[in-house]
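Asks: Those protein sequence lines, which keep their order, are chains W and F. Counting from 1, one number per residue, gives the positions in the first sequence under the numbering used here. Counting from 289, one number per residue, gives the positions in the second sequence under the numbering used here.
Simulated from the structure, these hints should not be mistaken for lab results. Treat the hints loosely; a few may be bogus.
[To be verified] These stretches of chain W come out as covered by chain F in the derived footprint (C-beta under 8 Å, 3 or more residues):
1. 21-32
2. 64-72
3. 149-163
4. 241-253
Heads up, the beta-carbon is just placed ideally off N, CA and C, and yes, glycines get one too.
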Amino acid sequence: MISSMENTMALNAESENHFFMPTVAKITNIEQLTALEKLFTLQLPKGVSLDHRPGQFVEVSLLGTGEAPISISSSPSRSNGNFELCVRKVGDVTQAIHKLRTGDKLGVRGPFGHGFPYEKFRGKDILFAPGGLGLAPLRSLINQVLDERALYDRVIILYGARNPSELLFKDELEKWSRREDIELMVTVDRGDDTWKGHTGVITTLFRDVSVNPRNTIAITCGPPVMYKFVLMELQGKGILEGNIYLSLERKMKCGIGKCGHCQINNVYACQSGPVFSYRDIKGLEEAL
Amino acid sequence: MSLAIIYKQDVPAFVRNVLRFYRVGGPVETNGHFAFNTIRDPGELRLDYPTTILPPKKFLLPARETLFEFDNAQEFQIKSPRPEPRTVVFGVHTCDLHAIQLLDHVFGTGHTDQNYNNRRRQTLIVSIECLSPCDENSFCKSMGTLTADEGYDLHLTDIGDAYAIDVGTDAGHNLLEYASVRTATPTDMQRLNAVLSEKWPRFPYRLDFDVSDLPSLLNMSMQSPLWNELGERCLACASCTNVCPTCFCFDVNDEIGFDMKHGQRTRVWDSCQLDAFATVAGGHNFRKSRALRQRHRFMRKGKYILETHHLLGCVGCGRCARACLVDITPVKVFNELFHQKEVGGQP
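Bound-form chain W, shown alone (with noise of 0.2 Å):
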């Protein structure tokens, strides 16, 4: 059964008259990770701080524009009062959103829903398998694993993008690619001239990897197609369905399990996920 564990939501403690009202942040510091991404840094006002598990997502908004849900992309353990957004300019709030420089003030509800139980991973092998954009979520919880490195056994990350131009977080890959307490394999669809690694679908990776599957935790997020051949691999490993956690992304627009657009049959993805372990959610037919 799917946890009713009611999400925590440190921003609104201070505007409980007024569930809607968002919290006003400030712009810190912007990175254009691709053509279609950036990576805003935001802050809150007297250094309160967002109090976030990895996996959860918080409301962004512009007045006169509108709300959206984004995932938060930065790892409690680096907070330091700040959080990090990585924005795909997609809709109406993200596009005007991209348009903002630093300084200038976004709205923010949240964190909502639940992030990833990651004290249960601990003395785990971490499989971490992002599709695509499903990299900015789980930043979150990659980054708090490698700050607490020792807990952790193997940290293997197989991340596949589009074409080499829409790798996100590129500095990052490098450092990590360097580590060697980190098996890291990066794959495109589509290669180019300058292309020199592994290309073809994320699932190709998984022909390289060997896993101890009684020990494995993986983890994934991408588009909607990707998660049925992805779980395929997975199960094929031997990993057991408790272990395998998903974050889905759902058009969250209330965030408090009301509006009614982020329903999974009779889950609200917003309280009950966004982060699903797949035994929870294999029952869902409308989960994946």
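Position chain F against the provided structure of chain W, taking the given hints into account.
Replies: Frame of chain W; chain F shown alone:
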């Protein structure tokens, strides 16, 4: 609580007194139909109405409401929300009372919705017992909503030349200070009992099975071919959800003036029947077909909402059946699913 009697000729004076202190809503006649509307004159109130196109939900969850206003969008200068007017809604039928109880649970538990709750706290409900079916589309008796024992501040039952008033809350008791009432006598009680026992056989059971079996029936019907049939007929017009007293899904939109400074964030009713409902910004629709959206609607009404809020999401008012242009009705859908199971057909 106690039982009071108000003569019908004294109702207009009661409403007129209430109008001095409250916004008053209730059923009024418009263009040959009835609608819940704000009332300015007691003569407009029609307690004898059969049903309305839209439920009284709009007094608690308006089709469009301002969540907050802002003066300077860029600087996030947000104004405090305006206070809600004190409101008395007259003439709420018991199906709609059950629906309001569901809304109260949805918005009043878990992460509570202050906009709804502020309005709800300012609203008194004067409901009325139905003594005959409003039309052939309602199926309140099957859904267990033919009467209600809570959820009202005052509850009226027509006993001829007067209404018997059951006082449900202290606020209802206080409201009666504006009315000319007397305490019920044993004769009044007899008339009330007679009226209530005579009403029961007038209402037909329209589901072919007991409603307690509805969740498990739906549970077994996820793969029913009926959903595809409905999907082929459905026009995705969202009339069913727009007229539903229990539908509470909403969208949040921003509006801004030409000065790009002043504006508001609004909440509007939304519908799971619309193509855009589960579509994310990148364009992926997580409930693509009308068949899946109709299935979702009926699963919510008879199963999902019950699982989350312990109350059925359908109160049998029949509004969606009246509004549907292609004759998709809960009674036919639920009975069809039941008979598919009964004859051992395709689950």
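Asks: It remains to establish, for every hint, whether it holds in the given structure.
Replies: Taking the hints in turn, this is what the structure says about them:
| no. | hint | verdict |
| --- | --- | --- |
| 1 | 21-32 | holds (count 3) |
| 2 | 64-72 | holds (count 5) |
| 3 | 149-163 | violated (count 0) |
| 4 | 241-253 | holds (count 4) |
Checked against the numbered hints listed earlier, the structure breaks hint 3 alone; every other hint is satisfied.
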